[in-house]
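Heads up: the sequence shown is residues 1 to 307, going by our numbering.
Check each hint, because a few of them may be wrong.
[Claimed, not checked] Simulated crosslink set (DSS-like; lysine-lysine; CA at most 25 Å straight-line):
hint : residue 1 : residue 2
1    : Lys214    : Lys35
2    : Lys93     : Lys214
3    : Lys76     : Lys292
4    : Lys93     : Lys292
No lab work stands behind these hints, which were simulated from the structure alone.
The structure displayed is predicted, hence computed values, not measured ones.
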Amino acid sequence: MIIGTRGSDLALAQATTIERMMSERGVSTTRKIIKTSGDTFTDRPLHEVEGVGAFVRELDDRMFEGEVDIAVHSMKDLPTIRPEELTTSAVLKRDSPFDVLLTVDGSRLDELPEMSVIGTTSMRRRAQILRHRPDLEVQDLRGNINTRIRKLNEGLYDGILLAEAGLQRMGWEMDVERLHQDHFCPSANQGTIAVVTLAGTEAEEATSMLDHRKTRIETTIERIVVADVEGGCTAPIGSFTEFVNDDELRVLAEVLALDGSEEVRIDEIIPLDNYEEHARELAMELVDMGGKELVELAVCQLSSKLL
């Protein structure tokens, strides 16, 4: 079976994980590297790349065209609304869902001097950092994980924000500060690898054995809770769910203003039974609290910046 993947070191590391797991189960695979528009437009923030899912659409198209059987994605990159012909056949056991701060000199977030420059292109991370430290300066940071760390070492930033899972998958041990989810709620599905195939195919059947039930439940809830406020837009939204015991899950979600000055937030314990229904109720609660209005405000502010 042919695995389609982006060509970055991190994407290749994720594809290698799938190849190893499939091989352990007696399934041989080959790899095909696909260059996406999200890789091409590295001179601008991701929210300026047309549409949502800049790293996903081309792999979808190659699957429809029969060039690849399996696509490997960081699950947080998958848009909420997906083509009906495709299925997420496996959700792997989650790596770290947390954000980390990497600084030049090992300083922690609360130790950084005023006006220190922090690099990130994530609007969520930008808003959360400014909520916590409005005295810092946040600047855009694009490029793969190697490029981002190189720019930090070149002195272009005092610190950069990264997903801890990326460092784990690259096998790098660095002196980072893990940012607690209570203050820096991760993006929905952060730290999770998703396997996508055409529905009803041999590839779906073969990869479904890689699925991790608890992670699928957690990530499903995360996507449901923010689907109504997100509406296909890129905005400062966090969503994180974790099992607190075998029968209950904690659901944390928030929507922020671009500068972190406003927020709406839910933090609830829900039962495992009928978890999708409970997640939809929380989604309605987030909307009723004004989450959609904050997203619309963020989109308007971004549009005015681009004009």
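Which of the listed hints are broken here? 1 and 4
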